[in-house]
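Enquirer: All chains should be modelled from the sequences, with the hints used to inform the complete structure.
Protein chains: 2
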Amino acid sequence: MTDRFAVTYHIRCDAASIEARALSIAVEQSVEMPVDAIDEPAVLDHTVGRVADIRAMKDGQFEVRIDLALSTTGLEAGQLINMLFGNSSIHDDVTLADADFPDSLLEAFPGPGPGLTGLQGVNATRALTCSALKPQGLPPQGLAKIARKLAAGDLDFIKDDHGLADQAYAPFAQRVKACAKAVREANPRTRYIPSVTGNLDTMRQQIKIARDNGLDAAMIAPMIAGLPSLEALRRENPDIALFAHPALAGASRIAPPLLLGKLFRLFGADATIFPNHGGRFGYSPQTCRDLAHAARRDWSSLAPCLPVPAGGMSPERVDEMLEFYGTRVMLLIGGGLLAAKDAMIQETLAFTRKVHAYGRT
Amino acid sequence: MTDRFAVTYHIRCDAASIEARALSIAVEQSVEMPVDAIDEPAVLDHTVGRVADIRAMKDGQFEVRIDLALSTTGLEAGQLINMLFGNSSIHDDVTLADADFPDSLLEAFPGPGPGLTGLQGVNATRALTCSALKPQGLPPQGLAKIARKLAAGDLDFIKDDHGLADQAYAPFAQRVKACAKAVREANPRTRYIPSVTGNLDTMRQQIKIARDNGLDAAMIAPMIAGLPSLEALRRENPDIALFAHPALAGASRIAPPLLLGKLFRLFGADATIFPNHGGRFGYSPQTCRDLAHAARRDWSSLAPCLPVPAGGMSPERVDEMLEFYGTRVMLLIGGGLLAAKDAMIQETLAFTRKVHAYGRT
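Sequences listed follow chains L and P, in order.
For reference, each letter of the first sequence is one residue, going 1 to 361 in my numbering.
For reference, each letter of the second sequence is one residue, going 1 to 361 in my numbering.
One should not assume that every hint holds.
Since the list gives no way to pick one copy over another, a pair counts as held whenever it fits inside one copy or between any two copies.
Once the Cα atoms are required to be at most 25 Å apart in a straight line, the calculated DMTMM-like pairs of lysine to aspartate or glutamate come out as [said to hold, decoys possible]:
#1 K145 to E63
#2 K341 to D93
#3 K341 to D156
#4 K208 to D166
#5 K58 to D93
#6 K341 to D45
Source of the hints: derived by calculation from the structure; they are not laboratory data.
Expert: And the structure:
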């Protein structure tokens with residue numbers, strides 16, 4: 001019987017102190033009090049974190065595995081991240097590198113709904129395409145006009161920019177109605193993904209509005225909304241494709257493959273948007289590869305989650321990206337298409353045709 | 001008319017590139033697309049972020065002030081943090097240092113309910129005292145036994161450890177009932193603060209349970225629950241004292257005085273718990289001073305928020321801490337009291353008497 005899960009931290013520390021430091025993290029992330037002062041044998045045996053392994057890394061840090069008690073997580077998204085990194089997030093010598101969970105934990109969380117295969121089909125022969133609706137500041141009709149052009153460029157998906165919320169100049173209900181209509185009219189094959197924001201109630205109302213407009217997808221920023229909100233929306237909407245956006249997720253000293261790949265998938269994301277290497281953000285190729293792997297690999301009975309590399313991409317990079325990720329992926333090009341202005345439809349068509357043609361020759 | 005708010009970032013950059021870098025952050029945190037491709041004059045004038053100031057800092061970084069449009073925030077907690085740091089959280093050369101908001105924004109958020117004066121009284125002559133109920137892993141009666149001893153030590157408040165959630169070995173309802181009873185019987189003056197966790201609905205139910213047990217305070221970890229959840233619970237419970245816990249807040253490259261002081265207060269925290277300098281965490285004295293100042297200074301019409309320094313404190317440090325923070329503060333000592341084991345009541349009395357005696361001689 002496994003009553004523990006394994007958490008890997010990278011710790012900046014000198015060799016003489018690492019054992020004590022590892023032990024202090026094991027205590028911080030479990031009982032958070034002097035172990036000497038605990039009388040209860042059950043707590044000592046089953047609750048206090050255990051240092052399972054310490055090994056030196058090449059960069060002078062130490063990789064430390066700590067086994068935490070499953071029972072402490074309450075099998076809930078917020079409390080799970082709390083156990084993984086609640087207080088130690090404040091220790092700037094500590095990075096949360098990875099975590100391995102037994103099936104008993106994995107089965108308690110929802111995982112993706114439609115997931116990668118729901119989005120892409122079981123026998124996917126090509127990657128999916130997506131662009132982002134911007135800029136914030138436009139009224140609903142202004143955004144709808146751009147959505148119409150992008151849809152005419154034959155995209156599979158058009159998602160809201162993560163800056164589109166429920167602002168006075170473009171309230172959610174009007175914006176989504178106008179954009180859904182524009183996309184539907186321009187290209188019945190293109191699916192529109194509105195960004196839902198605010199608290200759990202607000203997001204529920206927004207998903208209802210999306211449904212009322214015939215939509216079956218929504219985007220959420222889990223680190224802003226709170227991981228428990230992602231889990232709740234997933235359970236309540238098994239049929240809606242939930243796209244996770246990385247806003248506010250980058251500041252954390254949590255390895256992106258764990259947070260954006262593994263944990264977002266576990267709590268219910270069908271697709272995970274992340275900054276591709278070589279764009280406006282600093283992820284390395286290895287980070288991107290590990291993240292995509294964590295999102296879509298076989299993992300207990302959890303459906304795979306679709307990786308969506310983005311952030312300063314251009315149609316020129318299509319072949320290289322598909323070479324790198326394979327075709328079980330969605331490519332997202334936002335500003336790179338909008339920058340074409342009057343030639344936006346042609347530039348979008350160039351993008352989507354390039355993706356469609358890949359591997360055909 | 002002010003239609004902008006000022007955000008200060010610290011950027012690691014060479015002098016030759018800082019202007020372009022500052023401009024790119026202003027675009028990233030607003031329209032997030034090439035500005036050349038924007039036709040709409042209203043968006044160019046009123047939505048695109050503006051670099052207002054760049055100055056070199058002593059440590060080789062640059063302090064950059066960017067003015068963002070108020071209208072983009074939708075006057076909602078999640079969207080406000082999104083505008084402040086959503087995507088730029090992923091740029092590891094950027095730290096979110098501070099933000100200044102006009103009254104028109106401040107008035108749209110709830111701010112504290114009872115706040116500092118509600119907790120401490122208008123003419124506070126002494127600081128407040130608090131301890132933390134631990135360890136996780138104990139059943140309700142085990143925690144209640146410790147709560148009883150702490151209350152006998154004449155504390156003003158006893159808060160749940162942030163690791164106490166809704167676990168099978170101590171479900172929230174049973175735990176809170178047992179601990180509230182124990183505290184009430186041991187010392188009718190001591191107030192118990194249960195930790196609420198999970199999604200917005202779960203936290204609402206837990207606050208209802210707290211009320212049913214005669215309690216008028218609750219603790220929440222806003223970076224785990226999501227900032228919009230803090231705002232929602234505040235609006236729905238103007239009479240409940242909400243204590244904000246910093247779990248998961250430390251990993252972000254957001255200056256603690258801004259996040260734990262200013263923003264938690266703006267969104268509704270009555271008290272903000274943070275790691276004191278010289279304890280188990282790495283905050284400097286200056287960070288702690290700035291954080292306490294941000295929490296309790298005069299700020300538009302927002303009630304002041306009570307600073308609660310904690311994290312590896314001991315009764316020996318009482319005078320020094322009160323010297324440092326003054327008496328508009330709550331001192332929180334957790335493990336330091338529990339470590340006394342059989343002498344826990346005496347150690348707690350030593351703590352509370354020291355706080356009561358401060359400044360009397």
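Enquirer: With reference to the structure, classify each hint as holding or not holding.
Expert: Now the hints, each set against the structure:
| no. | hint | result |
| --- | --- | --- |
| 1 | K145 to E63 | neither (52 Å within a copy, 38 Å between copies) |
| 2 | K341 to D93 | neither (46 Å within a copy, 31 Å between copies) |
| 3 | K341 to D156 | within (20 Å within a copy, 63 Å between copies) |
| 4 | K208 to D166 | within (15 Å within a copy, 30 Å between copies) |
| 5 | K58 to D93 | both (16 Å within a copy, 24 Å between copies) |
| 6 | K341 to D45 | between (64 Å within a copy, 19 Å between copies) |
Violation of the numbered hints given earlier is confined to hints 1 and 2; the remaining hints are satisfied by the structure.
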